[in-house]
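2 protein chains.
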Amino acid sequence: MADTYTPPKVWTWDKESGGKFASINRPIAGPTHDKDLPVGTHPFQLYSLATPNGVKVTVLFEELLAAGHSDAEYDAWLINIGDGNQFGSGFVDVNPNSKIPALLDKSGPEPIRVFESGAILLHLAEKFDAFLGNTAQRAEMLSWLFWQMGSAPYLGGGFGHFYAYAPEKWQYPIDRFAMETKRQLDVLDRNLAEREFMTGDHYTIADMAIWAWYGQLALGRLYDAGEFLDVASYANVQRWAQAIDARPAVLRGRMVNRTFGEPELQLHERHDAGDFDTQTQDKIGE
Amino acid sequence: MADTYTPPKVWTWDKESGGKFASINRPIAGPTHDKDLPVGTHPFQLYSLATPNGVKVTVLFEELLAAGHSDAEYDAWLINIGDGNQFGSGFVDVNPNSKIPALLDKSGPEPIRVFESGAILLHLAEKFDAFLGNTAQRAEMLSWLFWQMGSAPYLGGGFGHFYAYAPEKWQYPIDRFAMETKRQLDVLDRNLAEREFMTGDHYTIADMAIWAWYGQLALGRLYDAGEFLDVASYANVQRWAQAIDARPAVLRGRMVNRTFGEPELQLHERHDAGDFDTQTQDKIGE
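So the protein sequences, as listed, match chains A and B. Residues in the first sequence are numbered from 1 upward in steps of one, following the working numbering. Residues in the second sequence are numbered from 1 upward in steps of one, following the working numbering.
Since the hints were derived computationally from the structure, they do not count as laboratory data. Please note: incorrect hints may appear among the correct ones.
Copies of the same chain look alike in the list, so a pair counts if it fits in one copy or across any two.
What the hints assert, rightly or not - Distance condition first, Cα-Cα at most 20 Å in a straight line; then the derived EDC-like pairs of lysine to aspartate or glutamate:
1. K127 with E73
2. K9 with D230
3. K127 with D71
4. K9 with E180
5. K9 with D224
6. K15 with D230
7. K35 with D71
8. K35 with D14
9. K15 with E180
10. K169 with E269
11. K9 with E227
12. K9 with E168
13. K15 with D186
14. K106 with D71
15. K106 with E269
16. K106 with E126
Taking the hints into account, I'd like the entire structure generated from these sequences.
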């Protein structure tokens with residue numbers, strides 16, 4: 001990449017390029033192999049991984065269950081994206097975009113698919129009429145929910161890729177995406193200077209969505225970039241991120257489909273509330 | 001940028017870097033100057049520019065009016081982002097993220113703000129109960145609407161920036177984002193092989209959102225990249241993009257807040273349905 005170049009008239013695929021995730025990035029969609037998805041007994045079947053986009057949804061499920069919505073029981077199956085599970089035919093049927101998380105909702109008369117983490121959050125929150133905030137604040141909640149979806153690609157696909165995953169470190173893209181990420185943190189910080197949660201007094205799916213990315217970034221958990229982005233300087237984001245992080249449902253949500261980091265936080269699949277205790281005891285016993 | 005470098009411990013802002021849009025990209029949020037927004041007489045006040053994100057919303061307004069929703073009358077005010085209008089205090093009050101489009105909804109008991117194009121689309125479609133598709137397909141519609149919001153940053157902020165706007169052309173980021181853009185086009189092409197519109201038989205806000213970016217890309221209108229991305233090869237996207245492009249409301253939506261391209265398509269502000277005719281006659285007469 002180092003030198004300026006002249007692009008060809010028509011782009012072609014060089015399968016050797018692409019950095020850490022070269023093996024899972026392709027210019028074509030669709031399945032690469034036949035593979036059915038497992039289906040459990042609960043109304044909701046989640047196929048995911050504990051990346052920020054995955055954590056959004058498991059946090060919501062755990063918050064719904066903690067709030068007494070016993071109909072929100074779910075099976076969480078692991079999709080290992082490094083192994084290409086997202087390109088199996090069954091997964092592509094649920095999410096033609098081959099990204100986690102993907103949801104099969106069996107709670108109604110016909111099973112339906114829902115993909116994109118923001119859509120899954122809104123679908124579930126509306127189904128249970130929970131974590132939507134006040135009706136009068138619906139537009140504000142939607143604004144922040146969509147803000148997260150349109151903003152985080154600059155953090156993840158931009159900053160995270162070029163700072164942590166690209167084959168070399170280049171200044172221009174790191175500068176470009178670090179600047180935008182810091183601007184986004186400042187947008188949040190100014191909003192949270194005036195409000196307890198993103199849309200006001202109520203903890204909503206907009207908080208869950210934004211926390212999974214920007215809250216965890218502020219807590220130093222993404223890309224080892226806390227110092228580089230001076231995340232400690234966003235005091236209101238810190239206060240809010242820590243408050244959400246202290247919720248037991250959020251800890252459980254972080255554990256589900258987690259295959260990296262501290263062993264005691266890894267619950268590779270979740271099928272029952274008791275799985276968390278078993279997992280913790282197993283790991284502590286190791 | 002050309003050479004690999006060692007990032008500093010803490011990122012700092014070099015105001016000279018950034019390419020074509022350096023002057024409007026900042027690492028901090030908030031207003032740069034005091035400036036009230038104009039407010040017209042219609043229930044909806046839109047502050048926007050005819051980029052793809054802006055066009056989504058003006059297309060919806062024009063479709064609503066064409067479908068007989070006379071309560072959807074709107075004033076569309078021009079926000080010139082090259083001049084920094086998005087950093088005026090009035091604009092920041094409506095959208096703290098300083099991006100177009102932003103909406104002030106005066107149709108209810110209290111004026112409310114809505115920002116992020118996807119949130120504006122959903123807010124308006126729900127208010128008028130229009131262009132949402134079948135109730136049974138709501139989850140599918142939401143999935144594709146959120147898909148657009150999470151995907152287009154790779155097209156616009158990734159591919160478009162590095163292919164068209166960055167100060168030099170570098171192969172690695174162009175390859176990275178061209179590959180992802182082509183994958184996204186293929187996702188759409190496979191879906192549209194089986195359906196007239198993105199979610200089935202009904203034209204919805206998901207189509208409007210996706211068309212503004214990927215439809216216009218397929219029609220060769222973005223970044224002069226039609227040949228490079230071989231957009232002609234996505235036959236189903238072509239069929240769908242052309243069908244939507246032929247709708248009179250879509251042409252009107254493209255014209256509103258447009259300050260570039262063909263003069264006869266530029267209606268800098270829109271306050272009345274008659275503005276389109278006047279504009280066209282003025283320009284033809286020039």
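Enumerated hints in conflict with the structure, sorted upward: 7, 8, 10
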